[in-house]
Amino acid sequence: MLKIQTILFMMLVSLLAMSQSYRISGRVVDAESGDGVGFAYVMIPELSLWAVADDGGSFVLRNVAPGESLLQVNCMGYEKFSTKVTVNADIDNLVLNINASSLKISDVVVVAQRKKSSISTSYSIDRMALDNQQILNMGSVSSLLPGGRTVNDNLTDDSRLALRSEKLEMGNASFGTAVEVDGVRMDNNATMGEVSSASTRSVATSDIESVDIVTGIPSVEYGDLSNGVVKINLHRGKSPYVVEAKVNQSTSQFSLNKGVDMGGRRGVVNLSFEHARSLREIASPYTSYKRNVLSLRYSNLFFRSSMPLNLTFGVSGNIGGYKSEQDPDRNLDSYDKEDERLLRLNLDGSLLVNSAWLTDLSLKANMSLTSRLKDRYYNSSSSSAQPYIHVMQTGYHVAGISSDDDIVLGPTGYWYVHEYNEQKPLNANFVLKANRSKRVGSALTTKLMLGADFSMSGNNGRGRYYNDLSVAPTWREYRYDALPWLYNLAFYAEAQVARTFRSSDKLTLNAGLRDDMTMIPQSAYNTVGSLSPRFSARYLWTNDNDGALVEDVALHAGWGRSVKLPSFQILYPQESYFDILTFTPGTTADNKAYYAYYTYASKPLYNDDLKFQMTNQTDVGVEMTLRAVKLSLSGFYTTTDNAYRMVNSFTPLQYAFTSQAALEDITIPSADRSYSIDSSSGTVTVSGNGMQVALPSSLRNTFLKNRQYVNGSTVRRYGLEWMVDVEIRKWLTFRLDGIFYRYRAVDETLIAGTPMGVGDYLASSALQPLVGYYRGSGASSATDPSTPAVSNGSESSHCRQNASFTLRVPKARLIMTLKTEVSLLNKTRQLSQANGNTRGFAIDKAGDIEGAPFNGQEDHYVILYPEFYSTWQQPDELIDFAEALANAKVSNRQLYQQLSQLIVRSSTAYYFNQNKVSPFCSMNFLVTKEIGDHVSLSFYANNFVNTMKSVKESQTRLETSLFDSKYVPKLYYGLSLKLKL
Amino acid sequence: MKKLFFLLLAVFLVSCDKDDDKTIKTYDLTISVNGVEAVFDSCYVMVIDQQNNSNSCNLDASGVTTFTVPAGIYEVYLNGTVTDAYCRTIYNASQTGVVVGDKTANMVELTATVTKMQTANPLVIKEVYCGGCQKDDGSGKFTNDKCIILYNNSSLAVSLANVAVGMVEPYNAEAGTHSFLTGGKLTYESDNWIPGINGIWYFNSSAEIAPYSELVVAVNGAIDHTLSYSNSVNYAKPEYYCMYDPEAASSDGGHYNNTSYHPSPSEVIPSDHYLKAIKYGKGNAWPMSQTSPAVFIFKCENNSVEQYVAKEDSLVYPADKQGNLTYACLRVPRAWVLDGVEIFNSDAVPSSKKRMTPDIDNGYVEMKGGFGHSVIRKKDEAASAAAGHDIYVDTNNSSNDFYEADKCSLM
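Heads up: the protein sequence lines correspond to chains A and B, in order.
Quick note: to get this note's numbering, add 60 to the position in the first sequence (first position is 1).
Quick note: to get this note's numbering, add 39 to the position in the second sequence (first position is 1).
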């Protein structure tokens, strides 16, 4: 408590304090040529001060508080530069020599780096690393993080980013991973049909300057996330023409980039064009994905001498998409394609007020519009007229031949169907943010950030549709453009206090709070509020003794909560339609049968109690410099609560079925008959020759299934990430990076389910459908409904260790990396638990109905009883299952058999065995060679030894070859050529 | 016996002569029988007098025979039996009070009554057409036109009451997993049953199959497919049967109501020609393999098909798939199986495995799907010639009994 009071006091003092300030002016110059470097950003981050050098490289920083500050320079095409400056008077003519990024530099870095002086765990990957790795798809960038696994780039693979998680886990980690391109959130909330992070394969990787990945506690200015942020920074600044061509086994990429100095003080325009195309199969050109990205960014600094305003306007567009055609040698004109068009606009203004009360004011306005049109054109044929059900209303309907009929009898013979699915997610975002940074005395620095963030998401797409309803198969219109928009207004405040001790030790404390108000008008959810507090602290100790073993140590710790807003898929699950065939007269001579169906139209079930998915994250770490060794270690513990889950609900349903045998006694010749059906009772009437005969029918009972989103149980993850960089020689470095990761989740949501289907019985039958209620489900995807399963969770442990040797030959402008990726631990196990106790029963024989409580016994079949069941007659009465089963066993064999069908069984005896995969490894080789200042060549080979080793899988006790397996990438290689003109 | 009769008669006459010194007058009693001309050599006529003395003799080729008897009152009987592979045919006729004497015609005309008895199962699967045919627009194959053709190998009409059609797990012989195959041995081989997967179809109790006749069962799509697919089959014929029962539901609520697979049958087919389904597996169609089914027909003994399936232990699951409806099978006693045929995909014979036990089918027949091919039982030429009707071989070995034909016999 005392500490909190101290912090608050320090913040208050800082706000009120006023002190003297100085000016730093100087020039940013190219270290080799001595020429001024225009458009370089010169910053003192801890004071929120910045300047942009003019085209001659000159800059001025005003109102710099006295004391020691870290001055940083960022400029496109140059290595990041930082230096300490001690300010106790005006500093003029400061010359900052910066190095152009090239392999001539002895300490060039081509791997991901732990972001220096960040208060929480975050990594940065710069252009040289992206070039060296030849990244073509942003979805694979996480392979550069500690312990990352190499992914062979192919754009037909639309895998999504998910930080600090593995595949097939609960908690929607991908959905909770935020991706920003130049400050524009790639919002996926308005996309229907998926619950995941946004697709990143449309991002032109050649236009990326750097990537920052925050896996720890993000600043409160970042909301609508639960698993970290990936920030992609695009080129901004003056540059020569850069022409680049990359090719690997399946993908080719061509790009052109140029940063044009408009002259005088007219700013810089960055132009970028990239074309990339991937084939799914090397041998066949018929399935491919391509992107054609054109970007234009204008940035300029206004009011340089008074109140500098740095303004950036960017527009980026992509025309591309996926196309899959049938091999023309094998089929007709069928194809499957997805046209993808993307327009991204961003306006970013930063005003350096630099007054006592306000240092910096920034305004961001951005918009992202995506249009995805899936176009499926396929050949179809039938010898019988098929009923295409387009009914939107509950009731009985009979098929007709007009395309306007609710049930259309389709054609016979041959035809084509043109099916579209249109999504047009649109996201707009406005941010107003104010920073006040102040130094009090020489040791205390404070920063206060206040901001407001308004975002809106909608979808102007039409959904799935057909232009010709006469051939449109069973389908219902569900227009995305009719769905209510999602609005979110957030206010946030973050305060940071940094105190310097001795000469250079530093304690930094950061506290922030974000309040999101999410408005979903015209829906049951209306307005929902959520709070996200976040705290971080960092202590840097620097050894003043030159030549000491330990040069510096930085410790950081933080805790934060983040909230992931629901997406349209969660808010507006598609309507359910239950269609059942209730009458079929015979097929006529022209192969038409006037089928009748009962349709139950069920509106989406809103869940008034739905809470927003929330992650509590604890992040601790240490960074250390031990002479030539740099060490970074981060630990994390996250719990995700209220993860979104889809469940089924069941409603009793009765319908009338009319047997065709009822037509046997009808004397009306079939050619003269017409059929009608009463839409509410289902009575079929045959008319003709002046007669009308109502056919007898029988009533049948079943259940209607509908979908609903609920909150799942807590998901836990913890782990340790490390990076150790050792400079063996100036020209040879060694890196060890790895991760130990552990995941555990057990879902205890009570879900309704019928493992053998819903059942359908005559109303007069002694048997009627039953529904079971189970504790938890093993479903990991929020897009699929949770269904009864013997396992309701899993636990896994992974330990991956990568070792890289990097050889630099600056004189030859050559860099080579040999990377070994080792899996030391890969262990997973299915779980079946509830309330910390056992949940299922281990049985001796596969068909048994009774067994011993399941406590993890290996090599046993496992069965799961529902906790309750309900009947068709009384669906709301939950009956204890185990008791009912025991009673029915002795008194009601028919019920006993029926109840037995509600028992869920493991498919194999080894299902619950732990699957421990023996250690394995693969090796990659990368080389980049610059030829003069204008030409650069890179080559890589993933898994270049094409390992043929085997691993043992303890679950089945089988050996699996690594060749073509999921454990290591396939042998893959690529080449790139870069020209700077 | 005949000799003894005449000896006794001679003694009797001699003794009369001795007593009365008078010759006994005899008469020719001519007996003609209608309806036995084709089997005259298998028939005989017996004459019995009032003292229960009898005499018999065979008919000639015109169905006539003559006895020389004294005047009196006689009983005349016709007896004959013809036995073939599947039937015993009994010819009977009689007339009593036949008076033989001077003033009578001494002629008897009998009309044989014919009684046939089935002595062995005459029902066979004559043909399985399951691979589909090529579409007219070159877009591939059309496979929703399968059929099974049964044949009655006998001269006796056979009732199809309680006769059902099933298929053995797995659907395809070349499937990677044969759930009942352990260590290369079918787990049910040492038991007395065979697993019928997904569901079975049974005939209306009044259905029967005429002697030496075939009966077409359209498995799916009992309509005229040739209107769209010229290489396919026209099933819109009133004498055809079909599998159609959209009401049958498995315990999961599933019905055979997939209208592509099971379109409503042609209205020319009477609904009593619809086979009824008992569905216990998953899915909305009866998924008979397009490449390699193992089809069998069986007849429920003692119970109706419905009663048998309703029994508590009638369903059986593979050992590791207990309660899984996808693999639910009917435990069909092998003694009930009338016929079965094991078909292998000719493109995948090395990976195909047997599902039928040797007592049902000790071999297999290959077929290439998608090109209109059909698997047809070979004709027993010798037996057919002898019977004057088509008789098909049935050695319980498809390798011998069937051949792959270029097209379905219904085309």
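Everything labelled a hint here was simulated from the structure, so no lab data went into it.
In this text, all values refer to a predicted model and were calculated from it rather than measured experimentally.
Where hints are given, some of them may not hold.
[What the hints assert, rightly or not] Label pairs and their in silico Cβ distance ranges:
1) A:Asp-217 / B:Asp-445: 44 to 54 Å
2) A:Asp-217 / B:Asp-230: 41 to 51 Å
3) B:Thr-365 / A:Asn-897: 30 to 40 Å
4) A:Asp-396 / B:Glu-420: 50 to 60 Å
5) B:Thr-226 / A:Ser-1021: 29 to 39 Å
6) B:Ala-249 / A:Ser-394: 44 to 54 Å
[What the hints assert, rightly or not] Here are the simulated lysine-lysine pairs, DSBU-like style, with alpha carbons at most 30 Å apart:
7) B:Lys-180 / A:Lys-905
8) A:Lys-905 / B:Lys-174
9) A:Lys-1026 / A:Lys-227
10) B:Lys-417 / B:Lys-155
11) A:Lys-383 / B:Lys-180
12) A:Lys-652 / B:Lys-180
13) B:Lys-180 / A:Lys-1012
14) A:Lys-976 / B:Lys-155
15) B:Lys-64 / A:Lys-397
16) A:Lys-652 / B:Lys-360
17) A:Lys-484 / A:Lys-397
18) B:Lys-276 / A:Lys-652
19) B:Lys-276 / A:Lys-887
20) B:Lys-174 / A:Lys-652
21) B:Lys-180 / A:Lys-434
22) B:Lys-407 / A:Lys-227
23) A:Lys-1038 / A:Lys-989
24) B:Lys-315 / A:Lys-905
25) A:Lys-949 / B:Lys-350
26) B:Lys-174 / A:Lys-949
27) A:Lys-1012 / B:Lys-360
28) A:Lys-663 / B:Lys-321
29) A:Lys-397 / A:Lys-175
30) A:Lys-652 / B:Lys-446
31) A:Lys-1038 / A:Lys-1009
32) B:Lys-360 / A:Lys-949
33) B:Lys-315 / B:Lys-393
34) A:Lys-175 / A:Lys-291
Built from N, CA and C at the ideal position, the CB exists for glycine as well.
The hints, checked one at a time:
no.: 1; hint: A:Asp-217 / B:Asp-445: 44 to 54 Å; verdict: 45 Å, holds
no.: 2; hint: A:Asp-217 / B:Asp-230: 41 to 51 Å; verdict: 49 Å, holds
no.: 3; hint: B:Thr-365 / A:Asn-897: 30 to 40 Å; verdict: 31 Å, holds
no.: 4; hint: A:Asp-396 / B:Glu-420: 50 to 60 Å; verdict: 54 Å, holds
no.: 5; hint: B:Thr-226 / A:Ser-1021: 29 to 39 Å; verdict: 31 Å, holds
no.: 6; hint: B:Ala-249 / A:Ser-394: 44 to 54 Å; verdict: 47 Å, holds
no.: 7; hint: B:Lys-180 / A:Lys-905; verdict: 43 Å, violated
no.: 8; hint: A:Lys-905 / B:Lys-174; verdict: 49 Å, violated
no.: 9; hint: A:Lys-1026 / A:Lys-227; verdict: 12 Å, holds
no.: 10; hint: B:Lys-417 / B:Lys-155; verdict: 26 Å, holds
no.: 11; hint: A:Lys-383 / B:Lys-180; verdict: 25 Å, holds
no.: 12; hint: A:Lys-652 / B:Lys-180; verdict: 22 Å, holds
no.: 13; hint: B:Lys-180 / A:Lys-1012; verdict: 43 Å, violated
no.: 14; hint: A:Lys-976 / B:Lys-155; verdict: 71 Å, violated
no.: 15; hint: B:Lys-64 / A:Lys-397; verdict: 109 Å, violated
no.: 16; hint: A:Lys-652 / B:Lys-360; verdict: 41 Å, violated
no.: 17; hint: A:Lys-484 / A:Lys-397; verdict: 16 Å, holds
no.: 18; hint: B:Lys-276 / A:Lys-652; verdict: 16 Å, holds
no.: 19; hint: B:Lys-276 / A:Lys-887; verdict: 63 Å, violated
no.: 20; hint: B:Lys-174 / A:Lys-652; verdict: 20 Å, holds
no.: 21; hint: B:Lys-180 / A:Lys-434; verdict: 27 Å, holds
no.: 22; hint: B:Lys-407 / A:Lys-227; verdict: 42 Å, violated
no.: 23; hint: A:Lys-1038 / A:Lys-989; verdict: 10 Å, holds
no.: 24; hint: B:Lys-315 / A:Lys-905; verdict: 35 Å, violated
no.: 25; hint: A:Lys-949 / B:Lys-350; verdict: 16 Å, holds
no.: 26; hint: B:Lys-174 / A:Lys-949; verdict: 54 Å, violated
no.: 27; hint: A:Lys-1012 / B:Lys-360; verdict: 26 Å, holds
no.: 28; hint: A:Lys-663 / B:Lys-321; verdict: 27 Å, holds
no.: 29; hint: A:Lys-397 / A:Lys-175; verdict: 41 Å, violated
no.: 30; hint: A:Lys-652 / B:Lys-446; verdict: 27 Å, holds
no.: 31; hint: A:Lys-1038 / A:Lys-1009; verdict: 36 Å, violated
no.: 32; hint: B:Lys-360 / A:Lys-949; verdict: 22 Å, holds
no.: 33; hint: B:Lys-315 / B:Lys-393; verdict: 28 Å, holds
no.: 34; hint: A:Lys-175 / A:Lys-291; verdict: 13 Å, holds
The structure fails hints 7, 8, 13, 14, 15, 16, 19, 22, 24, 26, 29 and 31 (numbered hints given earlier, in ascending order).
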